[in-house]
Amino acid sequence: MGGVTVTPELLLFGGVAGAAALCAVGVVAFNNAIRSALCLVVNFFLLAFLYFTLNAEMMGITQVVVYTGAIMVLFLFVIMLLNLGGLKLVTEKFDYKRYAGILLGCGLFVVLGSQILPSLATIQARQLSPDLAKFGGPEAIGRTLFTSYVYPFEAVSVLLLVGIVGSILLAKRRL
Amino acid sequence: MNGVPLAAYIGLGMFMFTTGVVGVVIRRNPIVVFMCIELMLNAVNLTFLTFARYQMATYKSQVHMEQSLMAGQMMVIFVMAVAAAEVAVGLGIIMAIYRLRDNVDIDEMNVLRG
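Just so you know, the protein sequences line up as chains A and B, in that order.
All residue numbers for the first sequence refer to our numbering, where the first residue is 1 and numbers rise by one.
All residue numbers for the second sequence refer to our numbering, where the first residue is 1001 and numbers rise by one.
No lab work stands behind these hints: they were computed from the structure.
From the three backbone atoms N, C-alpha and C, an ideal C-beta is built for every residue, glycine too.
Fair warning: there could be bad hints in the mix.
Claimed, not checked - Output of the computed footprint for chain A on chain B, the stretches with three or more beta carbons under 8 Å from beta carbons of chain A:
1) 1067-1079
2) 1090-1104
As the list claims (entries may be wrong) - Pulled a few chain B residues facing chain A out of the computed Cβ check, cut under 10 Å:
3) TYR1009
4) PHE1017
5) GLY1020
6) VAL1024
7) THR1050
8) ASN1110
Please take these sequences and the hints and turn them into a complete structure.
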C-alpha cells in the first residue's frame, strides 16, 4: 500500500480498529467467560464508533442499544445463572484442536486478505453532500424500512415472534 | 471517514471474522462459542456498512447513491434482528442442556437426544 498518505483520520481509525481487534482476540483468548463477555462489550462499543464514522449514525445507536444493551446483558445473565464464570465447569485443554484452529484461522486470513485487500487499497470515500449525509438518520431508515423493505421487515417480525415462543418453550421447566 | 481507504475497514472486518471462526473451532464453552458467532455477525455488519458508504465512489446518479446507502443499513438491521432471535433461542437451549446434564462442555454434546 505505497500510495496511502497518513491522515489524522487514518491515525484515529488505526487506534480504534487496533483496540477493537485486540478485544476480539481477548474474547477468544480469555479462559474466564465473564472476561470474554466484557471484551465483547468493548468491541461492540468501538464498532458503534466506527459506524458513526461511516455516516451510519442510526446503526451506531442501534448497535449500542441492541448489542451492548440487550444481547450482552442476556449473555452475562446466563453466565451468572449457570455460574460459568469460574474455571471449574469447562476446563480448556491444550490439544491438537487448538493448534489446528489457530492454523486454520491464519490460513483463512491470509487467503482472504491476499485476494481481497490489494484491489481495495486505493479506494477512498467520496465526500458526502449534505442531502446524502442525512441518509444515516432515523427518518430515512424508517421511510425505507416501511416502503422498499416492508416484506423483509414483516418476515423478521414473524422470526422474532417464533424466537420468543421458542425460547420460552425451551427455558420453561413444565408448560 | 475521509482519508481512510476501503481496505482498512475491510481488513478489520476480516480480522474480526477470522477471530470468530477460530473461537468457534477451539473454545469448549458454548457461551463463548455464541459470543464468537456474534463477533462474526458484527464483522459482517461492519463490512455491509463500509461497502454501503464506499461503493458510492463508482456511482454517478443520486438515486443509486441513496439506494446504496440504504441497502447496507437495511441488511444490518435484519442481521441484528436475526442475531437477537438466535441468541435468545441459543441461550435457551444451553439452559435446557445444563438443566439436563449439569455439564455444558460442547465437545461432549455429540447426540441430539437428551
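Evaluated hints:
no. : hint      : verdict
1   : 1067-1079 : holds (count 8)
2   : 1090-1104 : holds (count 10)
3   : TYR1009   : holds, 7 Å
4   : PHE1017   : holds, 8 Å
5   : GLY1020   : holds, 7 Å
6   : VAL1024   : holds, 8 Å
7   : THR1050   : holds, 6 Å
8   : ASN1110   : violated, 14 Å
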